[in-house]
Amino acid sequence: MQAADIVTLLVNSLTWAMATFLVAAGLTLVFGTLHILNFSHGGFFMIGAYAAYSIADALGGSGSMAVYLFGSLAAGVLVALLGLVVDRLVLRRLAGVEDAYVLIATYALLLVCEGSTKLLWGLNYHSVMPPAVLDGAWIAGNAVLPKLSLFIVAAGVVVFVGLEYFLNRTGPGRLVKAIAADPWMARLLGVNVRLVYTATVAIGFALAGLAGGLLVSNQTLSPTLASAFVIQAFGVIIIGGMGSISGAFLGAILLGLIDAFGQWVLPGLPGLPFFVAMTLILLLRPQGLMGKAKH
Amino acid sequence: MTHLDRRSVLKYSAAAAAMAGVPGLVRAQSGPLKIGLITPLSGPQEFIGSYVRNGAEIAVEQINKAGGILGRQVALEIRDDKANPAAALAAARELLGAGINLHTGGISSAVVLALGPVMQQENGVFMTCGAGTEKMNHENYSPNLFRPGDAPDARTRAQARLMAEKYPEVTRWTGLVPDHEYGRTTWSIFVDALLEYYPAIAKKKPVILEPVLMPYGVADYRNGITQALRQQADGVFNCTYGGDAITMFQQARGFGLMQRYKVVCDAANEFLIARGMKQQLPPHWTGMHYYAEANKGNPMSDRFVADYLAKTKDAEPLGWAAEAHASLYAFKQAIEKGKSSETQAVIANLKGLTWDTATGPRTMRAEDNQAIKDVELVYIEPAATDKGYKVSQYTKVDGKSVIFPPSPGKKLSLKTA
Amino acid sequence: MHTSRFLGGGQRRDHLILLALMLAALCVPGVLNRGLVFIAGMVWINAVFGLSFNLLFGLSGVLSFGQAMFFAAGAYAAAVLTQQMAVPFVAALLLAALVGAVLAALVGVVALRRSEGVYFAILTLAFAELLHLLIANTAFLGRNDGLAGLARPSLGFGSWRVDLAAGDNFYYFIVLACGLLIAFIRWIVDTPFGRALQAIKQDPERAEFLGIPVRLHRLVIFVLAGATTAAAGALIAPWAQIVTPELAHWSNSTNPILYTLLGGSAYFWGPVLGAVVLSAVFYLTRTLVGMSDMVTGLLLLVVVVSLPGGILGLLARWTRPAPAVRARVAIETEGSR
Chain W
58 MQAADIVTLL VNSLTWAMAT FLVAAGLTLV FGTLHILNFS HGGFFMIGAY
108 AAYSIADALG GSGSMAVYLF GSLAAGVLVA LLGLVVDRLV LRRLAGVEDA
158 YVLIATYALL LVCEGSTKLL WGLNYHSVMP PAVLDGAWIA GNAVLPKLSL
208 FIVAAGVVVF VGLEYFLNRT GPGRLVKAIA ADPWMARLLG VNVRLVYTAT
258 VAIGFALAGL AGGLLVSNQT LSPTLASAFV IQAFGVIIIG GMGSISGAFL
308 GAILLGLIDA FGQWVLPGLP GLPFFVAMTL ILLLRPQGLM GKAKH
Chain A
2 MTHLDRRSVL KYSAAAAAMA GVPGLVRAQS GPLKIGLITP LSGPQEFIGS
52 YVRNGAEIAV EQINKAGGIL GRQVALEIRD DKANPAAALA AARELLGAGI
102 NLHTGGISSA VVLALGPVMQ QENGVFMTCG AGTEKMNHEN YSPNLFRPGD
152 APDARTRAQA RLMAEKYPEV TRWTGLVPDH EYGRTTWSIF VDALLEYYPA
202 IAKKKPVILE PVLMPYGVAD YRNGITQALR QQADGVFNCT YGGDAITMFQ
252 QARGFGLMQR YKVVCDAANE FLIARGMKQQ LPPHWTGMHY YAEANKGNPM
302 SDRFVADYLA KTKDAEPLGW AAEAHASLYA FKQAIEKGKS SETQAVIANL
352 KGLTWDTATG PRTMRAEDNQ AIKDVELVYI EPAATDKGYK VSQYTKVDGK
402 SVIFPPSPGK KLSLKTA
Chain S
349 MHTSRFLGGG QRRDHLILLA LMLAALCVPG VLNRGLVFIA GMVWINAVFG
399 LSFNLLFGLS GVLSFGQAMF FAAGAYAAAV LTQQMAVPFV AALLLAALVG
449 AVLAALVGVV ALRRSEGVYF AILTLAFAEL LHLLIANTAF LGRNDGLAGL
499 ARPSLGFGSW RVDLAAGDNF YYFIVLACGL LIAFIRWIVD TPFGRALQAI
549 KQDPERAEFL GIPVRLHRLV IFVLAGATTA AAGALIAPWA QIVTPELAHW
599 SNSTNPILYT LLGGSAYFWG PVLGAVVLSA VFYLTRTLVG MSDMVTGLLL
649 LVVVVSLPGG ILGLLARWTR PAPAVRARVA IETEGSR
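Chains as they are written, first to last, in my numbering: chain W, 58 to 352; chain A, 2 to 418; chain S, 349 to 685.
The hints are simulated quantities; they were obtained by calculation from the structure and are not laboratory data. All of these numbers come straight from a predicted model, not from anything done at the bench. All residues carry an ideal CB built from backbone N, CA and C; glycine is no exception. Don't take each hint at face value.
What follows is a set of in silico ranges between Cβ atoms, one per label pair, in the way DEER data are often shown [said to hold, decoys possible]:
#	chain 1	residue 1	chain 2	residue 2	range
1	S	A628	W	A123	47 to 55 Å
2	S	A453	W	N225	41 to 49 Å
3	S	A628	A	G389	30 to 38 Å
4	W	R342	A	G389	46 to 54 Å
Extracted from the complex, chain W is given alone in its bound form (with noise of 0.2 Å):
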């Protein structure tokens, strides 16, 4: 293997592991949080590409960078309306239910959203273009570097710092995490837990519909978009630690980097190495990389 041949695998890598983490980091901090392992936040993912493609086909097309952009901000608040509105009706309901029935119902969940994309959108492949500025590769000696790939990479970083930030800089932030550490403390300290339920789930789901928009030129878009990215996010935050936006960054960089060397090495199993290291960690390390140590 030539210097080009693993900087090419390596941003491939980067690239799936940004791709990932973008759709995992909203579900990693509901779960976090509210402690709900929500099936159907692949179905609002979906959602949100949808609406990004819509918004963009109707402002004349996703060339430009900045309709590009802003059609992924705006699936983000429409996905984040969508959120509130599932949280009244369905995840309030579910609170201190068992986990079977909440990860039942949020598998409902997913059902109602492929058909109602079904309905709205109908059953054609869509195929959106990125923006013209990130059409074509960068050429560094033999390795080509598309240039959607570095963007996408770029989001995910972007995304992952903005978060940190967010929940260990900013008094709201805090807050989330006091709350995801001890709810009952912070309701004999007087904090409106459920205000703050609520405002996660709306950013969880604004995530979901965020990464929509961003990736919408990765793939096609289609019904079925959903459950494509389910198991990978599902691994990627089981890896890094349920509840940990750090751990779902740094356990989608490691998961992307075995699945492309396991897939260099053993080309006639794909998928394999990810199930094994996710069962593996699982084993070892059930909390994940970042988690916390069960008592």
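Assemble chains A and S onto chain W, guided by the hints.
Relative to chain W, chains A and S alone:
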């Protein structure tokens, strides 16, 4: 066109309500002739299944307008097989149990292979409208299964021969192959044909590189694309399919992969990639089950296109619709020839049948229930129009000249295995 | 849900219910058409699948999101044994159950040692997907196409032969086999072992103090559930006559969970009722093409959000004059995760 609008929801609700209370349908001897349509109408193959349904419905409307079959009007019993054998089996058994013995639809290979034994046991007939597996004419052959459309080997071999004819100087070939049975078999047939036709037609020996195995059912193909870049081949044969193919082409754009090849040959995606990518698509050859332009002047084709447009507002029916259309006309001819819609009579009359379709006349081979028809290949390029693409070349290849001889019951054996 | 007894009434009552169901099932081929007979057979198999899941979830408090792996293992084992190794069917069925048990032992020893709750659930999901990948990439298992053309067997006992391929004979066999499996599962519930599991579900710490080996019990029930699930899977091989890797996909793992929650996990017959109702819903909406996702999703949401006890829970509430104890205590559970 494929939206589920309120009118169709109401129509289906009424139909469901009507069906809900009738578990054991009485066999109707003099009522309409019911033919089962079992095809994916939900799930990942839904998009293609919708073409199958529309094509079948148009055929039925046309046939009924012309007086039906043996004086009886035809009615379709439509069931969703979700591209999943268990659901297909349930649907097939339900229809068979209700007295319906003739069925069409089936585009998923797994479904077709699963239905073979059941059709034999329960004395039914099933036609596939585009499943890609060659096994149904080989080791999984059943007299009750028919393929009224393209033989997978005929089309792939026609494509290889076309490459040798048009691109004799392109001798370094590689493949983008999805890692499953259909993908690997298609690639093997293509390679076998390259090794046959290039020396014969281009007087050169082709160099076959190790194909790039693409993971199946994922959303990221970058590693495979990178592998392909390293190979520096001149020609590429793509067997990835449907939404996966579009995603792969989309991601390949960033790498400029397709631009590095002298020719891109796609196995079976018809206009899917073109419609998905529009002006951004790389120019490529692909195979069509049916291409309207290539059949202009054939009255059946012209009528089919007109009726399709009127029904669905879609001016470009994809090939699977035409395969469904052809299957119903095959049934019509076979039933009228034998004056009976009973299974054994229909089987006997389908075998060896020559019948007219939107692509011209086809013949159903008696030995292995495979139709011989012209293979249609088109060259698609981006265009500065609303549609985003145009067909700049097309060719019809005589199926007889490329199809493998029949070998029912035996595994497919390639000379260059 | 958190009541101390796994509500199912006495064993005798349940045996009578089982007998009644089997008799009703045996009448089905005379009344309904072949397609519905096929679906009825599937319902019996799914009922056993659901009941096996509930041995873990309702009885023992163990949530597994990967039961599909045992179902697929049983199905493929039966397929390979009968098609490629010419093993007689009943023997193949028992061997398939054994394969399920062994697989469950391997997975359980490793997984139960290290995790519980949600983590265990996701681990089982990961193992199931691993198996799915392995099956889909193994040549002699047919890769993605699976194994097709599986024949319905004929049974021979000495000089007496029964051809299960003829008519509805295999359906009767399914009813009989599933009836036996259900009786076995019911028997487990009432043994001291079964009662110990209920205690473990209630309060694992207290059970440990009482001298009940918690981990061992969980492993044993996991193995038993794996065996019965594999047996159900083995029945599907000759019934559908094809086995594909989809049987091991995670969406197949959600099926027994759906049946159980729909019917009510606190009741022995919950999964059976859930399997019947869900099949009925799918059948009735089969012509309402493309809407099946929405309908299933909405139905489940409604059940989980407003009817956590499932259908039987709802019926129990209606037939009880005093309001049932609400087992969800918000404060207690919010802080204790």
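Taking the hints in turn, this is what the structure says about them:
Taking the beta carbon of each, S/A628 and W/A123 are about 53 Å apart, inside 47 to 55 Å as hinted. In this structure the supplied range 41 to 49 Å holds for S/A453 paired with W/N225, their Cβ-Cβ distance being about 45 Å. The hint said 30 to 38 Å for the Cβ distance between S/A628 and A/G389, and at roughly 46 Å that hint is violated. In this structure, W/R342 and A/G389 meet the distance hint of 46 to 54 Å, their C-beta atoms being roughly 50 Å apart.
Of the numbered hints stated above, the single one contradicted by the structure is hint 3.
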